[in-house]
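Chains B and P, in that order, give the protein sequences.
Quick note: the first sequence, position 53, residue 53 per our numbering, numbers continuous.
Add 1000 to a position in the second sequence, counting from 1, and you land on the number used in our numbering.
Hints are computed from structural coordinates only; laboratory data are not their basis.
Do not rely on the hints blindly, as some may be mistaken.
[Said to hold, decoys possible] To give a feel for the contact side, a few chain P residues facing chain B, derived at Cβ under 10 Å: (1) Phe1187; (2) Gly1190; (3) Gly1193; (4) Ser1194; (5) Ser1283; (6) Ser1299; (7) Ala1317; (8) Ile1326; (9) Pro1329.
[Unchecked claim] Below 20 Å or equal to it, Euclidean Cα-Cα: the simulated SDA-like pairs (lysine to any residue) are: (10) B:Lys13 <-> P:Val1158; (11) B:Lys13 <-> P:Leu1154; (12) P:Lys1315 <-> P:Leu1105; (13) B:Lys13 <-> P:Trp1314.
[Stated by the list, open to error] To list a few chain B residues with every Cβ distance to chain P over 12 Å, as calculated: (14) Gly18; (15) Val58; (16) Leu62; (17) Val67.
Just so you know, even glycine gets a beta-carbon here, dropped at the ideal spot from N, CA and C.
Chain residues, written in single-letter form:
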Amino acid sequence: MNNVTFAFEAAWKVLLIGLVLGAGLPTLFAFGIRTMAWGQGGSAEVDTASAPHPVGRVIGILCFALVLLAVFLGITYIVAYGFGKELSFEHVYPTIQNKD
Amino acid sequence: MLVVVTALAFDFTNGFHDTANAMATSIATKALQPKTAVALSGILNLIGAFLSVEVALTVTNAVVKIQNKDGTPKDALTADGGQALLFIVLAGLAGGIIWNLLTWLLGLPSSSSHALFGGLIGATIAGLGFSGVNWNGDGSKLDGVVGKVILPALLSPVIACLIAAAGTWLIYAVVRGVAERYTNTGFRWGQIGSASLVSLAHGTNDAQKTMGVITLALIASGHWTDTENIPFWVKACCALAIALGTYLGGWRIIRTLGKGLVEIAPPQGMAAESASAAVILTSSHLGFALSTTHVATGSILGTGIGKRGAEVRWKVAGRMVTAWIITLPSAAIVGALLWYIGDVLGGGLIGAIVVFALLVAAAGYMYFRSRQKPVHAGNVNDEWEGSAPSADRTPETV
């Protein structure tokens, strides 16, 4: 039953990557919302007396931008893969290359 | 040509059967209007179907032995103008469609891929015997019915469930102290984004299967010879069929997934869809074939577990799991039956027409039944009855 071994090999990879992307990104998004609310203060918080913190807005937008970037890279990766290319991070910023 | 029409019909049922996977949570949390949600999902499925250009021609190889490694049909099956092969494919597809429609009628989110594979396996057993089925692969990679269908079906909902539970728990931990009105607005946006990703992934995954089957039929009947490419019109038709099916919306299943399993709040919806998207995309990339249905259901269950105080209707979940288990064998039985019926009638054109007529009759009957208790965009979000322990209403009666 080699299949079982193969399946578990694939499964733990999926679980790991899935946890990072599937739970990590939403958490980052949630963190963005948290800081946005902190930034806005007042009625956005359960404690309506809290003062607004402009810095929170900046951090929040940064979080959203990171999430968007990750999603965009993910889609690019898949589309590029379908067209026989791959995404490379060897130049730090991602570039599209031919598949080896 | 009947095979092509049937394959497209399957693609269509695949679309409306699986809309729920992507959009059920967005509709349930009112992040999107029901109509808007299915339109968005349909468009993304269309795009998705075109995006992935990887050749899906060998899709049937995973479960049945009717193709050579390079995608050409086995010689023995093409001896009489491909009829033997076409007939297996036709009966298999018809089996898949009938099962898809039946589970839709019952509002159960069963796997369309399992229905397709089940139908094909059944028709192959009927046509070629048990040795015609690729049960366990050749041991060199994840392959065969066990490796490509059964194991992923067991593992993927669990993985999705774990990820969604973790995501939900983390999200709620992070946003503690933020007003609910504020989080809901934010997470609805996140939900729309992540649900769109699932739709896109669904298009790239599921439309491929039908494209592969149609191309196989074309090759078998001598209408196409290139095993490296899929004719453009096949791609276009499949993409359109799955998009149209999605747009039509499988409201019954959307209702079960969105309202029946767990009462979903926007943060949970986003956690569920993100988990689904991540699992589907990662695993299809790693060659771990799975069903979007299983993943989406697992994720939604996971968000129910991850949020403190949330109620999971285990009874509904149990019914779904039962449906998953019986999907493959049931579709196989229908596929096999149809093959025998056609075979008795000579297996040729007459047999094919009879099988097709049976399919149309079954589809018509189930459509008629569905009209008696319609579920549509207007009532898809009604309160789920039967959550009270004493009530015996089940998804069947909705």
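Does the claim that Val58 (chain B) lies outside the interface with chain P hold up, using a Cβ gap greater than 12 Å?
The claim holds: Val58 (chain B) sits with its nearest Cβ about 16 Å from chain P, beyond 12 Å.
Minimum C-beta separation from Leu62 (chain B) to chain P exceeding 12 Å: can you confirm that?
15 Å, holds
Hint Ser1299 (chain P) vs chain B: min CB-CB distance below 10 Å?
Holds, because the Cβ-Cβ distance from Ser1299 (chain P) to chain B comes to roughly 8 Å (cut-off 10 Å).
Decide if the proposed pair is consistent with the structure: Lys13 (chain B) and Leu1154 (chain P), CA atoms, cutoff 20 Å inclusive.
16 Å, holds
Please confirm whether Gly18 (chain B) is truly not at the interface, meaning its C-beta sits more than 12 Å away from all C-beta atoms of chain P.
5 Å, violated
Decide if the proposed pair is consistent with the structure: Lys13 (chain B) and Trp1314 (chain P), CA atoms, cutoff 20 Å inclusive.
Answer violated: Lys13 (chain B) to Trp1314 (chain P) is near 28 Å, above 20 Å.
Would the stated hint for Ala1317 (chain P) survive a check requiring a Cβ distance to chain B of less than 10 Å?
20 Å, violated
Interface hint for Ile1326 (chain P), Cβ within 10 Å of any Cβ on chain B
Hint on Ile1326 (chain P): violated, closest Cβ of chain B at ~22 Å, above 10 Å.
Between Lys13 (chain B) and Val1158 (chain P), is the straight-line Cα distance small enough, at 20 Å or below?
It holds: about 14 Å lies between the C-alpha atoms, which stays within 20 Å.
Under the criterion of a CB-CB separation shorter than 10 Å, is Ser1283 (chain P) in contact with chain B as hinted?
5 Å, holds
Take a quick look at Val67 (chain B) and tell me if its Cβ sits farther than 12 Å from every Cβ on chain P, holds or violated.
8 Å, violated
Does the nearest C-beta of chain B fall within a distance shorter than 10 Å of the C-beta of Phe1187 (chain P)?
At about 7 Å, which falls below the 10 Å cut-off, the nearest Cβ of chain B leaves the hint on Phe1187 (chain P) intact, so it holds.
Checked against the numbered hints given earlier, this structure breaks hints 7, 8, 9, 13, 14, 17; the rest are met.
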